[in-house]
Amino acid sequence: MKTKLLGAVTALLMAAAPAMAEYPEKAIQGIIQWGAGGSTDVVMRSITPHAEKILGGSVVMQNMTGGVGAIALKYVGAQAADGYTLLMGAENPQLYKVMGLGDSDYADFTPINLIARGVPLLVARPDAPYNTFAELVAYIAAHPNEVKFGSTGPGGLPSVITAMLSSEVALPVIAVPYDGDGPALTALQGGAIDVMPAVLGAAIEGIRAGRMKPLVLIDTTANPALPDVAPITEAYPAYAKYLPWGPFFGIFVKNGTPDAVVDKLQAAFGEATHNPEFVALIEGRGFSMLNLAGEDARSFLTNWQKTTAWLVFDAGAAKFSPADFGIARP
Amino acid sequence: MMDSLHYFLISWFDLQLLGLIALGTFAGIYVGAIPGLSVTMAVSILISFTFTWDIYPALSLMVGIYMGGVYGGSRTAILLNIPGAPSAIATALDGYPLAQKGEAGEAIGISTVMSFVGGAIGIAVLAIAAPAVSEFALRFQPRDYMLLAILGILLVGSLSGESLMKGVFAGALGLLIGAVGLDPLTAQERFTFGIIDLWGGISFIAVMIGLFGISEALMQLHHIDKLAIKQAISRIIPSWGAVRKYLPLSLQTSAIGVFIGALPGTGGDIAALLAYDHAKRVTKNPEVPFGQGAREGLVAPESANNAAVGGAFIPMITLGIPGDAVTAIIIGAMFIHGLNPGPMLMIDRPEMFWFIVGALVLANFFMLLFGLTGIRLFVKIVELPRPVLIPLILLLSIVGAYAVTNSLMDVYWALGFGVFGYFLKLYGYQVGPVILGVILSRLIDENWRRAIISDREDLGRLLWGTLSSPLSAVLLASVILIFVSQTPVWGMAGRGWRRLWGRK
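Chains as they are written, first to last, in the working numbering: chain G, 1 to 330; chain V, 1 to 504.
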């Protein structure tokens, strides 16, 4: 108890104990792109303590929100490439260029670890008059511009999913924008919106309690967390060309960071993804572990960007064409 | 029932947990008192720090910090006119004038006791009626949030001081400041002039520190030679009579606080401002006018913001929906500790609910204890000679502004708004409406657009939807009533009414 009290005092004084080694010689700063309590935040704050132990240094995390994450990206881009500033982000930067949110994306950063991927699905309020994606499509056809879809702004997961779905079926719906999937799912439970394209992890507790019902998984296979919900390719095989697709979480450093530092960070975070507690958290929230680094991570990022940027552009939701930035059509 | 009681008392008979709650509350009071150091920040630092702990000690510390921090904001608001947190803005309006009169000790005493009352009401509602309240809070549609924000904007009438027109101008300016940055719904740039540093908007805490702290320091320069006010420290703990006198008001504003706190889109800052407005409306003959040190103006926001703590836990524990920024972080912490906060938490892990309630009750008692001790030392700050006090205020303001995001940008904003606030005050504009506008800007902007988009951008449909929902209709009626009551029409109608009835 004494140590805990003592420890708490030090935490409150925000003292970061400097570790003595070659790297890290001082505390590393971790910039989290999204707000405290959100999915990105939870993933980063739960993996980092395991990595700290392996690394033998401390990582002081800070949330830097705003501009769909662009502000954090810009901040880390402006720091020295010495491995003392980590960008702890989500998928969003890969769409900044086509969305007109700046001219930087993960191509300017070196992936340390792409940790996990989320599985998207459609959820509806429990009393909605449709139970499957086919029924939803039929209902929308009969009631155009009546069904309210939640959205999280341009380039957000719902906008991409809606673009993807619209490529095969007609979806004349109203998109009501919210600050994030949390507030939108709250609105769904209050009846302010009817359907929300969300990531499984954010909706799973609401589904278990019967406060929202899953319509379809936007994936090629069923998920162990929700074995009864059909993947969309079962009834609509045409979507297979886009899938699997999902938001992801990753840790990055600025390009030009010394190889030795990158290697050390990659080894530490790579090992941390195997920690049983962390694995349990990732699986419990319905994410799929990726654990990609190096070339694998690069090609994942490139493919993700190709698919998504063109999908959004073809749906008319992008400001600029991906071709302007040399992003090839998949 | 026995189980619930057992879980409720876990933290009461465990020395370690008891110690952590006390420590958290104590630290919270001081974190809350320093502008820029927020409870949100303290709790998110604790997440990484308490990672390896068990869930109980981690939660104990967080609950303590939260309760203490919400109260702590009132300290600097009363003594220095710098609200330590947004939820203490309304406290500064009458608290600081009291300190100027040499009654800082009494002001802190009464705000502490009323914070305790508010906190207790919040916890009681949480313990007794959490599921019902959260179901009701969920029913708020975008149009209801919009109406609530408009209700808040009407407070400009209470905060304008000498001239309503100047108040309206200041309020509109605040709305404009709040609109700077990337549009939260579409990520379009607004008033950013291509400057990327403006994408995130103007930090609202920096604006608050500038308008209150720095502009106050500048104003004080006019009176640099005046002797510091001697503070009466004979009566700090308010008499039973005083407590009883303000208790009805405290209960009413606590109710406002719990409910506004339970709404997922609003928190203690808006609760405290609405409570202040409520106090101003129901107190017919205050001993001292509002804005010049009315005790009612202190009782109302301080009851409400601490009641909002219990309120914010209501949707969090019952549904896994955060009631404010701090509970959002606590949800994150629970995930990290292997719990699944959501609608099933109450069923799967009922002990968590009762544990949190028990810890909150303890934190509330510790807040009363720590709040009432050490006041004598604190009020000495205001007795410092001005040439010492003014640099101290400036220092505190600058450190606070820097601490918001560890960036110099916010310091510049605070300094800029400090100078701006100085000129506003010099020309008879109140800074209260500006900050009100900044707080409500986003709420009103987002929800108006959500509401109109949901109704296919058809004003007729929106109006019909508003009138046909009892909740929206009541809110609309209150907006109209409060608006009309601030216009001359109200007085005329009142006189006509009395004539009509007085004649018989």
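Among the hints, a few may not be true.
[As the list claims (entries may be wrong)] Some but not every residue of chain G turned toward chain V, in silico, with C-beta under 7 Å:
{"id": "1", "residue": "Asp41"}
{"id": "2", "residue": "Val68"}
{"id": "3", "residue": "Ile71"}
{"id": "4", "residue": "Ala80"}
{"id": "5", "residue": "Pro144"}
{"id": "6", "residue": "Lys148"}
{"id": "7", "residue": "Arg208"}
{"id": "8", "residue": "Arg211"}
[What the hints assert, rightly or not] Which bits of chain V does chain G cover? Going by a derived footprint, with three or more residues having C-beta under 8 Å, they are:
{"id": "9", "segment": "133-147"}
{"id": "10", "segment": "187-201"}
{"id": "11", "segment": "488-501"}
In case anyone wonders, no lab produced these hints; they're calculated from the structure.
Just so we're clear, the structure is a prediction, and the values are computed from it rather than from any experiment.
Ideal Cβ placement from N, Cα and C applies to all residues, glycine included.
Which numbered hints does this structure break? 4, 5 and 11
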